[in-house]
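Q: Each chain, letter by letter, is given below.
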Amino acid sequence: EAGVTQFPSHSVIEKGQTVTLRCDPISGHDNLYWYRRVMGKEIKFLLHFVKESKQDESGMPNNRFLAERTGGTYSTLKVQPAELEDSGVYFCASSQDRLLLGTDTQYFGPGTRLTVL
Amino acid sequence: QKEVEQNSGPLSVPEGAIASLNCTYSDRGSQSFFWYRQYSGKSPELIMSIYSNGDKEDGRFTAQLNKASQYVSLLIRDSQPSDSATYLCAVPSWGKLQFGAGTQVVVTP
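Chains as they are written, first to last, in the working numbering: chain Z, 1 to 117; chain S, 1 to 109.
None of these hints come from the bench; they were simulated from the model.
Ideal Cβ positions, reconstructed from N, Cα and C, are used throughout, including at glycine.
Possibly wrong hints are sitting among the right ones.
The following label-pair restraints were derived from C-beta to C-beta distances [stated by the list, open to error]:
| id | chain 1 | residue 1 | chain 2 | residue 2 | range |
| --- | --- | --- | --- | --- | --- |
| 1 | Z | ARG22 | S | PRO109 | 21 to 29 Å |
| 2 | S | ARG77 | Z | GLY16 | 49 to 57 Å |
| 3 | S | ALA17 | Z | GLY16 | 22 to 30 Å |
| 4 | S | LYS67 | Z | ASP56 | 20 to 28 Å |
| 5 | S | THR108 | Z | SER9 | 14 to 22 Å |
| 6 | S | TYR39 | Z | THR76 | 21 to 29 Å |
| 7 | Z | GLY72 | S | GLY29 | 12 to 20 Å |
| 8 | Z | THR18 | S | SER52 | 26 to 34 Å |
| 9 | S | TYR39 | Z | GLY28 | 35 to 43 Å |
| 10 | Z | PRO81 | S | PRO109 | 47 to 55 Å |
| 11 | Z | THR76 | S | ALA17 | 43 to 51 Å |
| 12 | S | PRO109 | Z | GLY71 | 18 to 26 Å |
| 13 | S | ASN22 | Z | THR76 | 21 to 29 Å |
| 14 | S | SER52 | Z | GLY72 | 31 to 39 Å |
In silico contact screen, one side only, chain Z against chain S (beta carbon under 7 Å); selected entries [as the list claims (entries may be wrong)]:
| id | residue |
| --- | --- |
| 15 | ILE43 |
| 16 | PHE45 |
| 17 | HIS48 |
| 18 | GLU52 |
| 19 | SER53 |
| 20 | GLY71 |
| 21 | GLY72 |
| 22 | PHE108 |
Simulated crosslink set (PhoX-like; lysine-lysine; CA at most 20 Å straight-line) [as the list claims (entries may be wrong)]:
| id | chain 1 | residue 1 | chain 2 | residue 2 |
| --- | --- | --- | --- | --- |
| 23 | Z | LYS15 | Z | LYS78 |
| 24 | Z | LYS51 | Z | LYS15 |
| 25 | Z | LYS54 | Z | LYS15 |
| 26 | Z | LYS41 | S | LYS67 |
| 27 | Z | LYS44 | S | LYS56 |
| 28 | Z | LYS41 | Z | LYS51 |
| 29 | Z | LYS51 | Z | LYS78 |
| 30 | Z | LYS41 | S | LYS42 |
| 31 | S | LYS2 | Z | LYS44 |
| 32 | S | LYS56 | S | LYS67 |
| 33 | S | LYS2 | S | LYS56 |
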């Protein structure tokens, strides 16, 4: 079974440009999460999809970030326009059932390393 | 106060020794706890989960939970160079994981 995949693995852009990150969850997983780790900090939650619906987007930093999951399969995270502080590693994770009692596992992708110059 | 706190390390452990990693959390209502291992440049990988007070053993790994003290730990017995990685403590909160900053473990031959 294929794991969570993310594309690209690395992206270097200039401040003010637009970047779109893609995540393909494990097939059949309804839950898709985006997380981010900036240099020296812990991994932080960005948002959670259940199928195509945004369940929780409380971690999104600001309106320069737009996440979509059309059709409930893969997801994209667009940053427009990118700022220096957006640099970091963006992780995607998926799980089969909602993590209510901690009985479900979130499987992480390899991450996209974003560098904004 | 951070929701999940860990010592960042690095924790240097001789090969064959026991590595002891600690994690404290702030939400008294938390019911489940996870330990992820992350090799440099790779994705976090779940290695242990624990839900009840006490110890849970899986191979060379033992997770210990004390809800009264809001403390969870991970022991790695017979540490191997392949255990060198960053270990992340994670606590779910309404469907999302809250992570500690991670403890870097370095196993020296």
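Q: If a hint holds in the structure, say so; if it does not, say that too.
A: We went through each hint and held it up to the structure:
1. ARG22/Z <-> PRO109/S: 21 to 29 Å: violated, 40 Å
2. ARG77/S <-> GLY16/Z: 49 to 57 Å: holds, 51 Å
3. ALA17/S <-> GLY16/Z: 22 to 30 Å: violated, 51 Å
4. LYS67/S <-> ASP56/Z: 20 to 28 Å: With a Cβ separation near 25 Å, LYS67/S and ASP56/Z satisfy 20 to 28 Å, so the hint holds.
5. THR108/S <-> SER9/Z: 14 to 22 Å: Given about 30 Å between the Cβ atoms, the range is violated.
6. TYR39/S <-> THR76/Z: 21 to 29 Å: Holds: the Cβ-Cβ distance is about 27 Å, inside 21 to 29 Å.
7. GLY72/Z <-> GLY29/S: 12 to 20 Å: violated, 30 Å
8. THR18/Z <-> SER52/S: 26 to 34 Å: With a Cβ separation near 47 Å, THR18/Z and SER52/S fall outside 26 to 34 Å, so the hint is violated.
9. TYR39/S <-> GLY28/Z: 35 to 43 Å: violated, 27 Å
10. PRO81/Z <-> PRO109/S: 47 to 55 Å: holds, 48 Å
11. THR76/Z <-> ALA17/S: 43 to 51 Å: Holds, at about 45 Å.
12. PRO109/S <-> GLY71/Z: 18 to 26 Å: violated, 50 Å
13. ASN22/S <-> THR76/Z: 21 to 29 Å: With a Cβ separation near 38 Å, ASN22/S and THR76/Z fall outside 21 to 29 Å, so the hint is violated.
14. SER52/S <-> GLY72/Z: 31 to 39 Å: holds, 34 Å
15. ILE43: Holds - the Cβ of ILE43/Z comes within 7 Å of chain S, reaching about 4 Å at its closest.
16. PHE45: Since chain S brings a Cβ to about 4 Å from PHE45/Z, closer than 7 Å, the hint holds.
17. HIS48: holds, 6 Å
18. GLU52: Where the cut-off is 7 Å and the nearest Cβ of chain S is about 16 Å from GLU52/Z, the hint is violated.
19. SER53: This hint is violated: SER53/Z lies away from chain S, its Cβ roughly 13 Å from the closest one there, beyond 7 Å.
20. GLY71: Status violated, d = 21 Å.
21. GLY72: violated, 16 Å
22. PHE108: Status holds, d = 4 Å.
23. LYS15/Z <-> LYS78/Z: holds, 14 Å
24. LYS51/Z <-> LYS15/Z: violated, 32 Å
25. LYS54/Z <-> LYS15/Z: At roughly 28 Å apart (the allowed maximum being 20 Å), LYS15/Z and LYS54/Z break the hint.
26. LYS41/Z <-> LYS67/S: violated, 25 Å
27. LYS44/Z <-> LYS56/S: Not OK: LYS44/Z and LYS56/S at ~27 Å, beyond 20 Å, violated.
28. LYS41/Z <-> LYS51/Z: Distance ~29 Å between LYS41/Z and LYS51/Z Cα, so the pair is violated.
29. LYS51/Z <-> LYS78/Z: Given that 20 Å is the threshold and the Cα spacing comes to 18 Å, the pair holds.
30. LYS41/Z <-> LYS42/S: Holds, at about 17 Å.
31. LYS2/S <-> LYS44/Z: holds, 12 Å
32. LYS56/S <-> LYS67/S: holds, 14 Å
33. LYS2/S <-> LYS56/S: violated, 26 Å
Against the hints set out earlier in the document, violations occur for numbers 1, 3, 5, 7, 8, 9, 12, 13, 18, 19, 20, 21, 24, 25, 26, 27, 28 and 33.
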